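Chemist: Which chain is which? The protein sequence lines are D and R, in order.
FYI, the numbering for the first sequence is 1 to 323, going by my numbering.
FYI, the numbering for the second sequence is 1 to 553, going by my numbering.
Bear in mind the hints are in silico, worked out from the structure with no lab data behind them.
Careful, some of the hints might be misleading.
What the hints assert, rightly or not - Estimated spans, in silico, between C-beta atoms of each pair:
1) Lys294/R / Arg190/D: 51 to 61 angstroms
2) Gly70/D / Leu527/R: 35 to 45 angstroms
3) Asn77/D / Glu218/R: 38 to 48 angstroms
4) Arg289/R / Glu228/D: 32 to 42 angstroms
5) Ala143/D / Ser158/R: 32 to 42 angstroms
6) Thr16/D / Ser158/R: 52 to 62 angstroms
7) Gly70/D / Asn119/R: 24 to 34 angstroms
8) Lys270/D / Asn119/R: 26 to 36 angstroms
9) Ala373/R / Ala255/D: 36 to 46 angstroms
10) Lys148/D / Ser158/R: 20 to 30 angstroms
11) Asp144/R / Gln288/D: 24 to 34 angstroms
Said to hold, decoys possible - Pulled a few chain R residues facing chain D out of the computed Cβ check, cut under 10 angstroms:
12) Val184
13) His245
14) Gly276
15) Gly314
16) Arg318
17) Gln339
Since the model is a prediction, treat every value here as computed from it, not as a measurement.
All C-beta atoms in this analysis are idealised placements derived from N, C-alpha and C, irrespective of residue type, glycine included.
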Amino acid sequence: MGYGAGRIEIPGCKMTDRIPLTIIGGYLGAGKTTLLNHILRHNAGLRLAVIVNDFGDINIDAELIENQDGDTINLANGCICCSLAGGFVQALSALAEMEPPPAHILIEASGVADPHNLGQYGYMDRLQRNGVIVVADAETVQAKSMDKYVGQTVTRQLQGGDLILLNKIDLVDVDVLKDVRTWLQGLMPRARIVEADHGIVPLPILLGVFETDEPEGSVKSDHYPDDEYETWSFTSEQPLDGEAFRSMVEMLPEAIIRAKGILYLRENPKHRYIFQLVGKRWSLKAKQAWNDEQPASKLVMIGLPQCFNSTWLENKFYKMIGN
Amino acid sequence: MTSEITIFVAKKIITMNPSNPEGTHIAVRDGRILGVGSLAEVAGWGEYTLDETFKDKVLLPGFVESHGHVGEGGLWAAGPYLGYFGRNSPDGSYVEGLKSTDTVIARLKALDAEISDPNTPLIGWGLDPLFFPEGTQLYANELDQVSATRPIFILHLSGHVASVNTALMQQAGINADMDVQGLVKDASGQLTGELQSQTTMALAKDVFLRMLGGVQSETAVVNFGKLANLAGHTTVAELGTAPIHNPDGFAVWQRLVNDPEFPVRVIPYYGAGNLGAPVKPEEVIPMVRAAQSKNTDKLYVNGIKIWIDGSNQGFTARVFWPGYYNGIENGLWYIPPEQFREVLKGYHKAGLNCHIHCNGSEATELLLDSVDAALREYAWLDHRHTAQHNQLVTPAQLRKMRNLGMCANFFTNHVYYYGDQHYDTVLGPERANQVNPCGAALREGVSFSLHSDPPVTSIGHLHTIWCAVNRVTASGRVLGEHEKIGVYEALKAATIDAAYQIHMDHKIGSLEIGKFADFAVLDESPLDVDPMAIKDIPVWGTVLGGLKFPAAK
Numbered sequence: 001m002g003y004g005a006g007r008i009e010i011p012g013c014k015m016t017d018r019i020p021l022t023i024i025g026g027y028l029g030a031g032k033t034t035l036l037n038h039i040l041r042h043n044a045g046l047r048l049a050v051i052v053n054d055f056g057d058i059n060i061d062a063e064l065i066e067n068q069d070g071d072t073i074n075l076a077n078g079c080i081c082c083s084l085a086g087g088f089v090q091a092l093s094a095l096a097e098m099e100p101p102p103a104h105i106l107i108e109a110s111g112v113a114d115p116h117n118l119g120q121y122g123y124m125d126r127l128q129r130n131g132v133i134v135v136a137d138a139e140t141v142q143a144k145s146m147d148k149y150v151g152q153t154v155t156r157q158l159q160g161g162d163l164i165l166l167n168k169i170d171l172v173d174v175d176v177l178k179d180v181r182t183w184l185q186g187l188m189p190r191a192r193i194v195e196a197d198h199g200i201v202p203l204p205i206l207l208g209v210f211e212t213d214e215p216e217g218s219v220k221s222d223h224y225p226d227d228e229y230e231t232w233s234f235t236s237e238q239p240l241d242g243e244a245f246r247s248m249v250e251m252l253p254e255a256i257i258r259a260k261g262i263l264y265l266r267e268n269p270k271h272r273y274i275f276q277l278v279g280k281r282w283s284l285k286a287k288q289a290w291n292d293e294q295p296a297s298k299l300v301m302i303g304l305p306q307c308f309n310s311t312w313l314e315n316k317f318y319k320m321i322g323n
Numbered sequence: 001m002t003s004e005i006t007i008f009v010a011k012k013i014i015t016m017n018p019s020n021p022e023g024t025h026i027a028v029r030d031g032r033i034l035g036v037g038s039l040a041e042v043a044g045w046g047e048y049t050l051d052e053t054f055k056d057k058v059l060l061p062g063f064v065e066s067h068g069h070v071g072e073g074g075l076w077a078a079g080p081y082l083g084y085f086g087r088n089s090p091d092g093s094y095v096e097g098l099k100s101t102d103t104v105i106a107r108l109k110a111l112d113a114e115i116s117d118p119n120t121p122l123i124g125w126g127l128d129p130l131f132f133p134e135g136t137q138l139y140a141n142e143l144d145q146v147s148a149t150r151p152i153f154i155l156h157l158s159g160h161v162a163s164v165n166t167a168l169m170q171q172a173g174i175n176a177d178m179d180v181q182g183l184v185k186d187a188s189g190q191l192t193g194e195l196q197s198q199t200t201m202a203l204a205k206d207v208f209l210r211m212l213g214g215v216q217s218e219t220a221v222v223n224f225g226k227l228a229n230l231a232g233h234t235t236v237a238e239l240g241t242a243p244i245h246n247p248d249g250f251a252v253w254q255r256l257v258n259d260p261e262f263p264v265r266v267i268p269y270y271g272a273g274n275l276g277a278p279v280k281p282e283e284v285i286p287m288v289r290a291a292q293s294k295n296t297d298k299l300y301v302n303g304i305k306i307w308i309d310g311s312n313q314g315f316t317a318r319v320f321w322p323g324y325y326n327g328i329e330n331g332l333w334y335i336p337p338e339q340f341r342e343v344l345k346g347y348h349k350a351g352l353n354c355h356i357h358c359n360g361s362e363a364t365e366l367l368l369d370s371v372d373a374a375l376r377e378y379a380w381l382d383h384r385h386t387a388q389h390n391q392l393v394t395p396a397q398l399r400k401m402r403n404l405g406m407c408a409n410f411f412t413n414h415v416y417y418y419g420d421q422h423y424d425t426v427l428g429p430e431r432a433n434q435v436n437p438c439g440a441a442l443r444e445g446v447s448f449s450l451h452s453d454p455p456v457t458s459i460g461h462l463h464t465i466w467c468a469v470n471r472v473t474a475s476g477r478v479l480g481e482h483e484k485i486g487v488y489e490a491l492k493a494a495t496i497d498a499a500y501q502i503h504m505d506h507k508i509g510s511l512e513i514g515k516f517a518d519f520a521v522l523d524e525s526p527l528d529v530d531p532m533a534i535k536d537i538p539v540w541g542t543v544l545g546g547l548k549f550p551a552a553k
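Using the sequences and the hints, build the whole thing.
Modeler: Set out below in structure tokens:
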């Protein structure tokens, strides 16, 4: 499979022209801005557009800035950073109409915003909801969730996230970290938690899989281990059993953070299905007809190190073909 | 060198200056007041022209709306009003309220017939199904009777919900497959055409942006002035929606408002966080200072507006225990409390008067704590920071506000428009009776004003005064006998005390020597009519800086 540096793509299957939208939420001080600053510096060659909550907090080195036009900063690496001035509908419409369009749009939510609600902007024309990531400060999140003023706000934010980024783990010891994780799991069954130090998280975990029109060779299944994350992919021209696929998804370990795929299902062989998983949230929906194209399933999953049991996965997929 | 002197004669002049409470003649030179009294008392300044236009009218200080938004004019620029209660339109005509869905549909059909281009969307506003009988909805299938081809978008009065027709949903690609909270579906999973929340309205992007274009147009500012004039207002504090952070956009305001034909003084407050505008004092203060360097008597940038919470009737205000009467636990913060404390301190330190939106009692509490903390670090006895809306403030909080030197601005129109909902669903009887407690503020010694918060309710102090005095709800219930205040106290709140909380009481708010010659011109004195008739006193118009501005008819 063709990798850009630090990005994962599904070749030969541009599923949509819509621009993926990711929300970065979390309470004041959780580390959202640090995370975004990191993403803007390590963009893996992707043209990322970020709508920041506080323009003054974005701390970009002067040599990275190509030009600044009012509320928009264009970076030398192709990324765009803009303020929310004018409101979400105006800011998102302007980004979606850029030429060339951004590969991905991120919104930094305000410290009290409900990030799940902002995720709904992903259904706007020309956009596609990619995921809602909630950043939590490992040291303070539990106390904040019980604060008399903001406890409910913090809890609601966490519950609305597809993925929890447990940040600042360098500030807590192992026992505290374990305690916070247990508490989060209690708050949100099947929560997907990624740990981070200074908001540093591999881009594929944050943004997922990119689609390209690039052709590729025929591969059945691949497993790419890495220090920071692993991927597992699968390709087949045989139709799959949809029910078996859905039940496999429910059984996936929680360390599998993201997946995206185009599927060829026996229950509706004339139409392609789009599968998407971000943390605890996943969807499988019928889309356009295959028409003249050779139907084929192509799937990529991304997870934390050592999360894939290739034998188990391959067995599941062979059964989906075999039935 | 002296300019010309005009002496206006009136049936009665009520000055709101207790030292010189009434007169029949008022002398004006250079747009300012030379004196109020009998003709003999004001004639000594020199040769004058006697103007008898108001000889059968009553003059009061021009009303001061200390919480308005340009959106009042903007919505009229975006489309027709379709609300339940009647409302003044900028051209001076009165638009009757639409009391049933049938009348809404009939009005929409008439509007549809007036638009020749079949693709032009029909945009309306002000709808509030809350006032229709329970269970009544205005869904897409009803709107489709108006047009199956033209997109229809009706913004509800709250601003957070819209009703749309099938043609709009088809054009915008809104479908029942979308997993969007607030995209209301019926029991069979079909779209109803109700878009709840801003994120859902964003799905109707093209029409939404078209509406926003109207709301932010030059006509919006012009309408805003006309509507204020119609109701006898000569000053409006624009709390947080004027584009102070956008010099080009604000230059338009400077041009329009400074035009001698523009009928009202505008006191803009910078809206921290409004539509993504910067919040932090270090970023905001230079922008505010730059705008202030161009201040005039007509357009005077004066301070900062910050929002802490949402609304009571929307269940988004932050309230004390035991929460809402219908069981909802609590509302939403619009700014993190820690951040609020910090930014308030920054503005306070810079000497900027802060007007803070706090509908619920817990939001008021955060404001009081924050002002207390700011004062411990930076002494400023005359800050006059104001709790805006402040509808659920408790007596204990009022005592603290008095001690801290704070002001209140009550949304008394809520008693009439939402009082019944507050009693039955939102707050329950005890808190509903104490909502917008003008009586308690008087008892505890807190200086307060009243407001209409246009466009939430139509601008007009005769109505806010009527509410403060009578406390009658839409269904006729008296909501809180012990929170009623007298007419004089209510007039004071609408004039000199409103001016006080925006630091303008040395220039406006009463008819005194040296102040701007700004009058409200009424047919009758609110002090002399039946209190229940106050809201219906005809308004001739205003005088602003000595110039007559008759209301449009």
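Chemist: Quick one: which hint numbers does this structure break? Sort them smallest to largest.
Modeler: 2, 4, 6, 12 and 15
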